[in-house]
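Enquirer: Chain residues, written in single-letter form:
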Amino acid sequence: MIYRDSKTLLEVRRLCATVNGIEILKGIDLTVRTGEVHAIMGPNGSGKSTFAKLLAGHPAYTLTGGTVAFEGGNLLELAPEERARAGIFLGFQYPIEIPGVANSQFLRLAYNTLQTQRGGDELDPLEFDDFVREKMKLLEMNPDFLDRSVNEGFSGGEKKRNEILQMALLEPKLAILDETDSGLDIDALRVVAGGVNELATRDNAIVLVTHYQRLLNYIVPDYVHVMEAGCIIKTGGKDLAVELETRGYDWVNAEYKTTAHATA
Amino acid sequence: MSVTTGNSYLESLLAGQPQLPASPFARLNRLRADAVDRVGALTVPTTRDEEWRFTDISPLTRIPFQPARGATRLALADIERFVLPEAAARLAFVDGVYAPQLSFNAAGVVVENLAPGVTPHGATLEAHLGRYAEFRHNAFAALNTAFLQDGALIVVPRNTAVAAPLHLLCVATRQDVAAYPRGLIVAEAGSEVTVVEDFVALQNEAYLNNAVTEIAVGDGARVCHIRVQRDSGKAFHIANCAVTLAHAGRYQSVSVALGARISRYNLNVLQAAEGVECAIDGLALITDRQLADTHTSIDHTKPHGVSRQLHKCIVGGAAHAVFNGKIMVRPGAQLTDSSQSSRNLLLTGKARVDTKPQLEIFADDVKCAHGATVGQLDAEEVFYLRSRGLADAAARNLLTYAFGAEIIDRIPIASLRHRLERTVLEQTNRQP
Chain A
7 MIYRDSKTLL EVRRLCATVN GIEILKGIDL TVRTGEVHAI MGPNGSGKST
57 FAKLLAGHPA YTLTGGTVAF EGGNLLELAP EERARAGIFL GFQYPIEIPG
107 VANSQFLRLA YNTLQTQRGG DELDPLEFDD FVREKMKLLE MNPDFLDRSV
157 NEGFSGGEKK RNEILQMALL EPKLAILDET DSGLDIDALR VVAGGVNELA
207 TRDNAIVLVT HYQRLLNYIV PDYVHVMEAG CIIKTGGKDL AVELETRGYD
257 WVNAEYKTTA HATA
Chain B
35 MSVTTGNSYL ESLLAGQPQL PASPFARLNR LRADAVDRVG ALTVPTTRDE
85 EWRFTDISPL TRIPFQPARG ATRLALADIE RFVLPEAAAR LAFVDGVYAP
135 QLSFNAAGVV VENLAPGVTP HGATLEAHLG RYAEFRHNAF AALNTAFLQD
185 GALIVVPRNT AVAAPLHLLC VATRQDVAAY PRGLIVAEAG SEVTVVEDFV
235 ALQNEAYLNN AVTEIAVGDG ARVCHIRVQR DSGKAFHIAN CAVTLAHAGR
285 YQSVSVALGA RISRYNLNVL QAAEGVECAI DGLALITDRQ LADTHTSIDH
335 TKPHGVSRQL HKCIVGGAAH AVFNGKIMVR PGAQLTDSSQ SSRNLLLTGK
385 ARVDTKPQLE IFADDVKCAH GATVGQLDAE EVFYLRSRGL ADAAARNLLT
435 YAFGAEIIDR IPIASLRHRL ERTVLEQTNR QP
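If you read the protein sequences in the order shown, they are chains A and B.
7 is the number of the first residue of the first sequence in this note's numbering; add one for each residue after it.
35 is the number of the first residue of the second sequence in this note's numbering; add one for each residue after it.
To be clear, the hints were calculated from the coordinates, so they are not data collected in a lab.
Since the structure is predicted, the reported quantities are computational estimates derived from the model, not experimental observations.
Any given hint could be a false lead.
Unchecked claim - Cβ-to-Cβ under 7 Å is the rule here; a few derived chain A residues that face chain B: (1) Pro105; (2) Ala116; (3) Asp256.
As the list claims (entries may be wrong) - Label pairs and their calculated CB-CB ranges: (4) A:Thr68 x B:Ser373: 39 to 47 Å; (5) A:Thr68 x B:Arg323: 35 to 43 Å; (6) B:Ser373 x A:Gly27: 37 to 45 Å; (7) A:Thr73 x B:Lys401: 52 to 60 Å; (8) B:Leu110 x A:Glu103: 38 to 46 Å.
Ideal placement from N, C-alpha and C gives every residue a C-beta, glycine not left out.
Make a model of the complete structure from these sequences and hints.
Expert: Spelled out as structure tokens, the structure:
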């Protein structure tokens, strides 16, 4: 939702990055304010996931230019864990399996680490168990998932629910959800999207990175950005997503090239 | 500096042997005498021996270890932190000497010191003692046999299941002492038992544990064998374990090596009959300048044998882990189903692992899978945890812990599992 009195959370200016010497991001501009839901769409290989991971501090990417301010501070100088503590959350496209670590142990460790940083109280295993079970209801998750190893043997849908569960526990200011809809059947999609909607408030913001419009039927974006070859080439409202679904991406690209040509 | 090597070193270790009192049991005296002969004919293995290629034990041969003269008398309070509350029996040995005051037996089966056990269990000893652990070509097994005196004797009668674990605790207290722990576990047909062999130290001293364990699993019997080597960081630990499985017998083992400056564990499992099954798992967690070497051999001789093996090493500091896993499938051992996996985690640039699966297959209708991986912590896993707020070091520790926990979780004794998990956490937290 767009509010008049919103605060600027994230300000990305002319962001450029490479991976293994190959230029992936070529000057991204994006502003996200509290209360807003943004969707970043684009074909495979356009740099959407790179952008998402870079905001979370993934070490594989090399910054070559630009700035990212988060609540006015320089985000780029923070380690991944410092970004998490500052309120950034990345929902992974492919959540990592960690055999040998119980999901409950992992979730509690993450929760308590952030609580300590934010000056809140840590929860002991029993208190945490009550707390997390309540949050799991939101995502219609079976409590058995607490006792299993983190994401190990989880189906695609279960992994994504587990990601949103982490979002629910960690209460980020800015949640970046990378292809949260991939690998979900329609029921799981509805549940996961319902969970995200439940967590959206006027004090936080959500950036959805997605290939398809399908997710946006459930989580309605305020802004839709089209990414192509490392740039955001078009920004519009929620109707743009519908148009992309029917017409594909090529026309946006053609339009962009014409404009770029005309202004050149 | 003069260094005693080869035969003269082995003979120096034998110096105390003639002082052993003769046993009333003829077989034991015969075994000792044979073993003394073999020690005389054998030499200390060097890295020129294929079986010891990566394991240089010359630091051991610089110390003239001798058996303890007179036992160190310990009270229960001294070993409290090693006690397993679940155990139905405990046999404690201090520097290799049986300690009755630290032992008890409420298991309802024979769990006793081998030396006085001689008379009532003569037939069992005659049938099994020294029959499985080969010492003709193995200098350390020969030395152990030459010093055969105190040891653990466990006999589980036919169709008897012992639900609670039996704890064999070997406590080291003194420097320069050689202990020769010996174990004989006989699980008669249809019986079930869980045995924990536990090697611990009260001080950080240099001593030698040279252990031999023989396990006979009868028809349809099940033996679960947990082995924890947490010797002092200066100690030397050499051990040979020989297991033989009769028809439809099952053997499950989890071996954890945490201690010792240099350790070597040979586990030989003989599938002597049809339809037997073994699962042998191992974890070596070492750091600083430790060396931990595990050599296992599973010998499939008859049809329908199953074997499973997962061996893991977590190597920090400038430590060195060695794994050699031999799987032998003899002609006629058709329909053998065997899998082996060696997974290794190197925590530093100076850590080293040598791993070698060794498959020798002489039957044509078998399923044998094996694989080995050596790597560092996965960067994506570390990033995942950091993106949830965990500091880099905390993320690495958690992943290292998890890597080891997969093996420790297979130990069916809760108190031991929890204690080892804590040890792994402490040790991983200590890593630079």
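Enquirer: Each of the hints needs a verdict: does it hold here or not?
Expert: Hints and how they fare:
1. Pro105: holds, 6 Å
2. Ala116: This interface hint holds because 4 Å falls under the 7 Å limit.
3. Asp256: Aspartate 256 of chain A check fails; min Cβ-Cβ to chain B is 33 Å, beyond 7 Å.
4. A:Thr68 x B:Ser373: 39 to 47 Å: holds, 42 Å
5. A:Thr68 x B:Arg323: 35 to 43 Å: holds, 37 Å
6. B:Ser373 x A:Gly27: 37 to 45 Å: Given about 41 Å between the Cβ atoms, the range holds.
7. A:Thr73 x B:Lys401: 52 to 60 Å: About 58 Å separates the Cβ atoms of threonine 73 of chain A and lysine 401 of chain B, which means 52 to 60 Å holds.
8. B:Leu110 x A:Glu103: 38 to 46 Å: For glutamate 103 of chain A against leucine 110 of chain B, whose Cβ atoms are near 44 Å apart, the range 38 to 46 Å holds.
Of the numbered hints given earlier, the model fails hint 3 alone.
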